[in-house]
Every structure is written in structure tokens, then in C-alpha cells.
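2 protein chains.
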Amino acid sequence: MVQALIFDVFGTCVDWRSSVARDVAQQFPGVHALAFADAWRAEYDPAMARIRDGARGYIALDVLHRENLDRVSARFGVTAPDPEGLNRAWERLDPWPDVVPGLRAMKEKAIIAPCSNGSIALMTRLARYGGLPWDCILGAEIAQDYKPSHAVYHASCAALQLPPDQVMMVAAHNSDLVAARAAGLKTGFVPRPTEHGPGQTIDLEPAEAWDLIAPDFPSLAEQLT
Amino acid sequence: MVQALIFDVFGTCVDWRSSVARDVAQQFPGVHALAFADAWRAEYDPAMARIRDGARGYIALDVLHRENLDRVSARFGVTAPDPEGLNRAWERLDPWPDVVPGLRAMKEKAIIAPCSNGSIALMTRLARYGGLPWDCILGAEIAQDYKPSHAVYHASCAALQLPPDQVMMVAAHNSDLVAARAAGLKTGFVPRPTEHGPGQTIDLEPAEAWDLIAPDFPSLAEQLT
Chain A
1 MVQALIFDVF GTCVDWRSSV ARDVAQQFPG VHALAFADAW RAEYDPAMAR
51 IRDGARGYIA LDVLHRENLD RVSARFGVTA PDPEGLNRAW ERLDPWPDVV
101 PGLRAMKEKA IIAPCSNGSI ALMTRLARYG GLPWDCILGA EIAQDYKPSH
151 AVYHASCAAL QLPPDQVMMV AAHNSDLVAA RAAGLKTGFV PRPTEHGPGQ
201 TIDLEPAEAW DLIAPDFPSL AEQLT
Chain B
226 MVQALIFDVF GTCVDWRSSV ARDVAQQFPG VHALAFADAW RAEYDPAMAR
276 IRDGARGYIA LDVLHRENLD RVSARFGVTA PDPEGLNRAW ERLDPWPDVV
326 PGLRAMKEKA IIAPCSNGSI ALMTRLARYG GLPWDCILGA EIAQDYKPSH
376 AVYHASCAAL QLPPDQVMMV AAHNSDLVAA RAAGLKTGFV PRPTEHGPGQ
426 TIDLEPAEAW DLIAPDFPSL AEQLT
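Quick mapping for you: the protein sequence lines, in order, are chains A and B. Per the numbering used here, the very first residue in the first sequence carries number 1; after that it's consecutive. Per the numbering used here, the very first residue in the second sequence carries number 226; after that it's consecutive.
Possibly wrong hints are sitting among the right ones.
[What the hints assert, rightly or not] Examples of chain B residues lying across from chain A (beta carbon under 7 Å, computed):
1) Tyr269
2) Ile345
3) Asp360
4) Ile362
5) Ala384
6) Gln386
Calculated directly from the structure, the hints in this document are not laboratory data. Cβ atoms here follow ideal geometry from the backbone N, Cα and C, with glycine treated the same way.
Let the hints inform the model, and build the full structure from the sequences given.
Below you can see the structure in the form of C-alpha cells.
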């Protein structure tokens with residue numbers, strides 16, 4: 001039935017928060033590294049929103065991250081000794097421990113690809129860093145738009161020459177799945193209850209009856225028929 | 226120095242001729258399968274030329290293959306019982322025996338990706354069939370143009386956020402490398418002296434002093450510093 005599984009990456013596949021904080025701590029001794037990582041990430045959606053709304057043409061997420069780094073650095077009153085190097089922290093995000101074995105199992109049953117807002121370059125380097133065994137890289141760049149715009153889900157299905165109902169979007173974020181379902185895709189939910197740290201209050205549970213719900217990637221792989 | 230290696234696929238990585246002939250023989254008993262495969266392949270460049278020249282908008286190679294199948298079938302006086310299935314022969318092309326071990330060795334040293342005229346869907350399924358361990362899929366579809374247009378090489382480098390002189394195009398076809406070099410890329414030549422069968426007369430030798438020349442993919446991997 002489902003010929004391809006496409007994945008949210010930041011949060012769903014990789015632990016961006018502690019990974020980015022690790023690099024922040026190296027460049028900014030004395031700064032609260034997790035707070036800096038949270039603040040950097042908080043700039044993510046507003047930056048993409050301007051592109052989704054048409055106020056700005058498509059620009060790769062790497063450039064938005066770099067702009068946001070300057071903004072957050074100023075707010076924290078610090079200057080990175082190597083801002084380009086720090087920006088590449090987003091290429092060195094650790095996968096959650098279940099992700100690589102789970103993706104390997106899913107790859108036996110279907111095409112697997114990221115459908116992330118990260119660029120092709122970023123997703124490629126992240127896959128090499130973490131050993132993510134993608135079949136190809138889909139997502140924002142081939143659509144020249146950002147999730148949750150339906151164009152991103154549709155462009156990813158079109159690149160595989162598959163109708164949306166033969167493609168499942170897998171995410172730890174209910175909002176991503178709301179958009180994917182509205183775009184006609186199947187949906188799979190895997191919670192990541194510590195993505196935002198120990199006090200996380202959102203996305204702890206599925207908000208709708210998603211097509212598949214699993215506690216981790218290997219369990220999701222087992223549910224695939 | 227070279228951060229990424231991008232590859233021609235049909236002929237360079239996979240033996241399209243005998244693989245396509247194998248499927249042709251199943252659907253057309255009594256037809257000279259290798260002659261049919263050659264005739265089908267011969268329609269490839271003229272079909273792309275119309276798109277390169279702007280006479281037709283970008284259309285995925287899968288569609289061009291399907292149109293060309295009808296044309297060649299008519300010329301041979303046959304009708305495929307399952308033309309869609311036969312068209313998918315291009316997703317089941319055997320890699321040359323040195324390719325998978327060679328790509329694995331190269332992947333340890335640099336990003337590896339196809340820069341083919343095949344679509345993302347075609348390259349993805351071909352990689353799954355043959356176990357080609359690509360990091361991502363580049364080439365014609367992300368450029369919306371066909372090689373040897375420089376746009377295809379440049380779009381592939383841009384997707385990796387690398388300058389052309391940090392990317393090496395690897396091909397068994399001198400014409401591909403002429404274009405890649407003119408577009409500013411490094412070049413690597415690996416001959417495939419039986420791509421067109423035992424009587425092959427072209428591309429038996431490097432036509433220029435390419436940056437790297439190797440008898441097979443593992444040898445090319447060893448030459449990478």
C-alpha cells in the first residue's frame with residue numbers, strides 16, 4: 001500500500017537541542033547553551049513564515065540559520081569566534097538511538113527519504129554524520145517552499161512519481177501531520193517527549209487518529225504491512 | 226580538495242544494454258533484444274535535445290523513455306503486453322561489478338551522488354535495485370534541464386553548496402566530461418569498453434587529460450587524496 005515513507009528530521013529523527021547546545025558550549029563558554037539552542041531554534045519558524053507568505057523568495061535553511069545566529073548572538077551579547085563553523089552544528093545532530101535501526105528496517109519495505117525544511121546540502125551532510133540510510137533527499141528545496149505548505153509534501157510525492165495516498169509522512173509533530181493529511185498523504189506519529197527538554201508540554205500524544213502511531217522507529221517498521 | 230563526486234549513471238555505473246535487453250526478451254519473444262535495446266537507447270538523446278533546445282519544457286526521462294518505447298515498438302512491428310512494466314526496465318539495471326565496492330570506498334572520502342539525466346524517482350529505484358549507496362540524488366530533475374547543459378552540473382554543485390572546482394564529475398563518456406570541465410568541475414574518467422557491446426568503438430580511451438583516469442571505481446577511490 002504505502003510505497004514510500006518521508007520523514008520530518010529535526011526533532012523526529014535527530015536530537016537537535018542537545019547537539020546544537022554541545023557546539024554552542026564550545027564557542028560560548030559561560031552562556032547557557034541549551035537556552036541559546038532553544039532561542040536559535042525559536043527563530044526558525046518566523047524566518048520560514050516570511051518565505052511561505054511570499055514576502056521573501058526561497059532561501060535555503062542554512063542561510064536562515066546563519067541570519068538567526070547573528071540575531072540570537074546579539075541578544076545574548078556574544079560574538080561567535082567562528083560563526084560559519086557554529087552554523088554547521090546543524091549538520092552534526094545526533095540521531096535518536098532508535099532511528100538508524102528503524103530506518104534500516106523500514107528501507108526493506110519502502111522508499112525512505114527526509115521531507116524536511118533543511119536543504120539538500122544540510123540533509124546530505126546530516127545523513128553522512130549520523131548514518132541515516134536515505135534513498136534520496138526530498139523536502140523544502142525541491143519544492144522551493146517550506147512546510148507546512150502543501151507544496152512541499154506534494155513536490156516530494158511528485159519527485160517519487162507516487163500519488164500522495166501511497167506516501168506516509170512520519171513526524172513527532174502533530175502540526176506536520178495535520179498538514180500532510182490535508183495534502184492527501186498517509187500519516188505516522190512517533191513521539192519525541194524530550195525533544196524540547198525534560199519539561200516538554202507539546203506533542204506528547206497524538207492529536208488525531210493518525211494512520212500509524214508507534215513509540216519508536218523499529219515499532220513503526222513492524223507495523224508496516 | 227574534492228568534496229563531492231557526482232556520477233554519470235547509464236553506462237558509467239550500470240550496464241543498461243544487457244539489462245534492458247533481458248526485459249525486452251521477456252516481452253518480445255523472437256525480437257533481437259539487444260538490437261531493440263540499442264534502438265530504444267538511440268532515441269534518448271534526440272528526445273532530450275528538444276528539451277535542451279527549449280522546444281519542449283522539462284519532462285522526466287521516464288516519460289521520454291515511454292514515448293520512445295512506443296516509437297521503437299512500432300518500428301520493430303511489436304506491441305508490448307505490458308508497456309508500463311517494460312518501461313520500468315530502466316529501474317532494474319545491473320551495476321558493473323566494480324561499482325558498489327568502489328562507491329562504498331569513495332563514500333568514505335567524499336559525498337557521492339548521481340548526476341544523471343534520469344529522474345529522482347528513476348535514480349532512487351535504480352539505487353535500491355542495485356544497492357548504490359548514494360548520499361543524495363542530483364542531476365537533471367533538480368536543474369529541470371538535461372546534460373550536457375551546464376545548468377545540470379551547476380545545479381548539482383549548488384545543491385551541495387559547493388563551488389564547481391570542489392566537485393568531480395565521473396563518467397565513462399568523454400562528451401560528459403568535456404561539458405563538466407567547461408562548467409568548471411573536476412573530471413574523472415573510467416572506461417566502460419563493453420557498454421555498447423563487443424564491437425564498441427567510442428569512449429575506449431580518455432580524449433583529454435582528465436584530472437583522474439582509472440580502470441575501475443575502486444582504483445578511482447584509491448587515487449582520491
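Cross-check of the supplied hints:
1. Tyr269: It is violated, given that the least Cβ distance between Tyr269(B) and chain A is near 19 Å, above 7 Å.
2. Ile345: Cβ of Ile345(B) sits 4 Å from chain A, so the hint holds.
3. Asp360: holds, 5 Å
4. Ile362: holds, 4 Å
5. Ala384: holds, 4 Å
6. Gln386: holds, 4 Å
The structure is inconsistent with hint 1 alone, although it conforms to all the rest.
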